[in-house]
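Engineer: Build out the structure end to end from the sequences listed, making use of the hints.
If you read the sequences in order, they're chains A and B. For the first sequence, my numbering begins at 172 and goes up steadily by one. For the second sequence, my numbering begins at 172 and goes up steadily by one.
Incorrect hints may have been included.
Copies of the same chain look alike in the list, so a pair counts if it works inside one copy or between any two.
[Unchecked claim] Taking lysine-lysine and the DSS-like style, the derived pairs with C-alpha atoms no more than 25 Å apart in a straight line are:
hint: 1; residue 1: Lys468; residue 2: Lys209
hint: 2; residue 1: Lys250; residue 2: Lys209
hint: 3; residue 1: Lys223; residue 2: Lys468
hint: 4; residue 1: Lys250; residue 2: Lys289
hint: 5; residue 1: Lys205; residue 2: Lys442
hint: 6; residue 1: Lys483; residue 2: Lys205
hint: 7; residue 1: Lys442; residue 2: Lys483
Hint data in this document are derived by calculation from the structure and do not stem from the laboratory.
Protein chains: 2
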Amino acid sequence: MMRRRDFMAAAAGAGIGAASGGGSARAAETSKGKAVLKLSCQEGVMAGRDLKEKLDNLEELGFAALEPHGGGLPQRVDKYKQALEGRNVKISAICAGFQGCIIGVDPDDRAKAMRTMKEILTAAGQLGSTGMIIVPAFNRAKALPHKEARVLLTGFDRWDRRKTHDPKPLLVELGEFAAQAGTRVVLEPLNRDECYFMRTLADAASMCKDVSSPGMAMMGDFWHMTWEETCDMGAFLTGGDYLHHVHMASRRTRRIPTTDGDADNYVVGFKGLKAIGYQDYVSLECGGPKDQGERKKVLANCVKLLKEQWEKA
Amino acid sequence: MMRRRDFMAAAAGAGIGAASGGGSARAAETSKGKAVLKLSCQEGVMAGRDLKEKLDNLEELGFAALEPHGGGLPQRVDKYKQALEGRNVKISAICAGFQGCIIGVDPDDRAKAMRTMKEILTAAGQLGSTGMIIVPAFNRAKALPHKEARVLLTGFDRWDRRKTHDPKPLLVELGEFAAQAGTRVVLEPLNRDECYFMRTLADAASMCKDVSSPGMAMMGDFWHMTWEETCDMGAFLTGGDYLHHVHMASRRTRRIPTTDGDADNYVVGFKGLKAIGYQDYVSLECGGPKDQGERKKVLANCVKLLKEQWEKA
Numbered sequence: 172m173m174r175r176r177d178f179m180a181a182a183a184g185a186g187i188g189a190a191s192g193g194g195s196a197r198a199a200e201t202s203k204g205k206a207v208l209k210l211s212c213q214e215g216v217m218a219g220r221d222l223k224e225k226l227d228n229l230e231e232l233g234f235a236a237l238e239p240h241g242g243g244l245p246q247r248v249d250k251y252k253q254a255l256e257g258r259n260v261k262i263s264a265i266c267a268g269f270q271g272c273i274i275g276v277d278p279d280d281r282a283k284a285m286r287t288m289k290e291i292l293t294a295a296g297q298l299g300s301t302g303m304i305i306v307p308a309f310n311r312a313k314a315l316p317h318k319e320a321r322v323l324l325t326g327f328d329r330w331d332r333r334k335t336h337d338p339k340p341l342l343v344e345l346g347e348f349a350a351q352a353g354t355r356v357v358l359e360p361l362n363r364d365e366c367y368f369m370r371t372l373a374d375a376a377s378m379c380k381d382v383s384s385p386g387m388a389m390m391g392d393f394w395h396m397t398w399e400e401t402c403d404m405g406a407f408l409t410g411g412d413y414l415h416h417v418h419m420a421s422r423r424t425r426r427i428p429t430t431d432g433d434a435d436n437y438v439v440g441f442k443g444l445k446a447i448g449y450q451d452y453v454s455l456e457c458g459g460p461k462d463q464g465e466r467k468k469v470l471a472n473c474v475k476l477l478k479e480q481w482e483k484a
Numbered sequence: 172m173m174r175r176r177d178f179m180a181a182a183a184g185a186g187i188g189a190a191s192g193g194g195s196a197r198a199a200e201t202s203k204g205k206a207v208l209k210l211s212c213q214e215g216v217m218a219g220r221d222l223k224e225k226l227d228n229l230e231e232l233g234f235a236a237l238e239p240h241g242g243g244l245p246q247r248v249d250k251y252k253q254a255l256e257g258r259n260v261k262i263s264a265i266c267a268g269f270q271g272c273i274i275g276v277d278p279d280d281r282a283k284a285m286r287t288m289k290e291i292l293t294a295a296g297q298l299g300s301t302g303m304i305i306v307p308a309f310n311r312a313k314a315l316p317h318k319e320a321r322v323l324l325t326g327f328d329r330w331d332r333r334k335t336h337d338p339k340p341l342l343v344e345l346g347e348f349a350a351q352a353g354t355r356v357v358l359e360p361l362n363r364d365e366c367y368f369m370r371t372l373a374d375a376a377s378m379c380k381d382v383s384s385p386g387m388a389m390m391g392d393f394w395h396m397t398w399e400e401t402c403d404m405g406a407f408l409t410g411g412d413y414l415h416h417v418h419m420a421s422r423r424t425r426r427i428p429t430t431d432g433d434a435d436n437y438v439v440g441f442k443g444l445k446a447i448g449y450q451d452y453v454s455l456e457c458g459g460p461k462d463q464g465e466r467k468k469v470l471a472n473c474v475k476l477l478k479e480q481w482e483k484a
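Structural biologist: Rendered as C-alpha cells:
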C-alpha cells in the first residue's frame, strides 16, 4: 500500500522529462547531461563470421557497443569479457533470452520466467550491461487477462493504491534484483502483431512509474513505433528518465537503416532523445544482406545516415 | 482491408506533430497556426443560478466557451442557440450524455450507445461544437475483452491489416457520422479507476490513427494525466493533430485550479499544446465551492493562473 498523490503532485512541475522520481539506477548520470548518439549493434546483425571479426568491424565502423542475445548468457560472460579486453566497445543491452512468460496463466510458466530472467540479469550485471530487455507476453503465450496481468506486474489496481502483494509485484521484485546486480530490467513495447499487451512507450513508461524501482526501465524500437506511435518525439519524452535503450531498423522492411530510402527518417525521434538528454545506446535490430562484405558496406552507410540525422535533430 | 505501410512511411518524417494524415475534420485550421489559450468551462462548474447568469459570468471572467452535458441535448439545442445569441461565447465540446456501452458484451448495449451517440452528435453539429466526448467503457460496464473491443472499434487486428467488417468498425462509422454532422467524436482517456480500457493519450491517439476518419479525434484531461502519464508535454505531442479538447482540474483534489497550490502546475503541458499549435479549448471539469460568489472568485483566480502559466510555457 502506497499513496502517490503527494509525490506525483510535487513531481508534476518538474521539467519536461518523465516525472520519474528516481525511476532509474543511474538517473543522475542519464537525465542531466547533453544527449549523445552512441550506436550499438546486435551480435547477429553485425558483419563478421565470429565474435572477433564482429568486434573488429564494430570498432572500425564507429559503433560503441554490442548487444548480445540473452540465451545462455551466464555461460558466455567470460567469453565476452575476454573478447572486449583492450577494445573501445562495451556491452549495451542484453536482448531477452529468458524462458516462460512472466504473465502466463500457468504459475509454473511465470516462475520459470522469473528464474531465467534473474540468471540473465546476474550475467548482464557482470558485463556492465544497460539492462535486460523483456517483453511481458508475446501473442503466442497463454497470458492472463490484460488488467490482471498489469496488476500482477506492478501491484497497482488503482492509481493511488498498491494492492498488497505476497510475494511482491513481479516487476518490483525483478527491478530490485536487477538494481542489486548492477543493471536494469528494460520493458520493450512491440507492435500489436507481436505483443498486444504492451504497444506504446507511454504504457511501458506508466508501468515504470508504478513500479518505481531503481532497476526498472523501458525502451523504444523505431520499427514498432512506426506502427503504434503517432509521434516519435512525444513517445521519447514520455519515456524520459525511464528510457534506457532504443532499437533501430529501416521503417518499411525492418532491415538496416538506409534500405528504405526516404522512409528511414529518425530526425523527429532524435529530437526527442536530445530533449531528454539521452545517454544510452541506439542499437540495430534488423535484417541485412547475407553477404558479409555487402552487409559491412550497408552498415557503414547506416552509421553515416544516423550521424547526419542526429546532427539535424 | 487496407495497407498502411506506404502512407505511414511517408508520414514518418513529417514534423513533430502526430502523423495524422488527415486525422481531423479541421486539420488545416488546427495544425498550422500559433497556439492560443481559449478557456472553456463546463456548465455545472460555472458560477450562476441559471444559464443566463452562467453565461454572464463566463463572459465577464474571460472564458471563450461553454461545455454542456450531452444528456438530452437534442431537446436543448434551441435553448443554447438563443442564449448564445449576441454573446462572445461559443459551445466547446459536449460532455458525453449517451447511454449504453459501445464495447459492451451485449449487442443491444452497443446498439444503444451508437444510436444515442448519433443523436447527440447531430445536436453537437447544430451547435458548432468541437466534438462529443466519449469514454469507450467505464469500469462498471460489462465490456468485451480488451483486444476484441479494440478491433471492434478500429477494425485493425494487425498493424498493416484492417479486418473486413460488416458493418464497419464502430469508430469508423461514428467518425464518418460526426464529420457529416460537422463535428467530431472525441475519445477521452481516463485514469484506471474510471476506465481501465483507455488510460493514456498515446493509446487514444493510436486509435485515431487506426480509424483515420475526418470526424475522429481525442483529448487529454490534466486530472487523469496526473496519474497515468509520465510527461504532459510528451502526451500532448502524441495527441498532435488528433487532439481537439483538453480538460482541466486542480492536480490533487480535482477542484478548480489554484485550489491545490504548487501542485497546480500546467506549464509543461502548455509547452506541449504550444508545440502542436493547439487551437481548441481548455475546459474546466472539476469541483468548486458551493457558494456561487465564492466560486466566481476562485474561477477568476483560476483564469489568472492559467493565463500566467500559458505565458510562461
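Engineer: Return the numbers of the hints above that this structure violates; sort them in rising order.
Structural biologist: Hint check: nothing fails, all pass.
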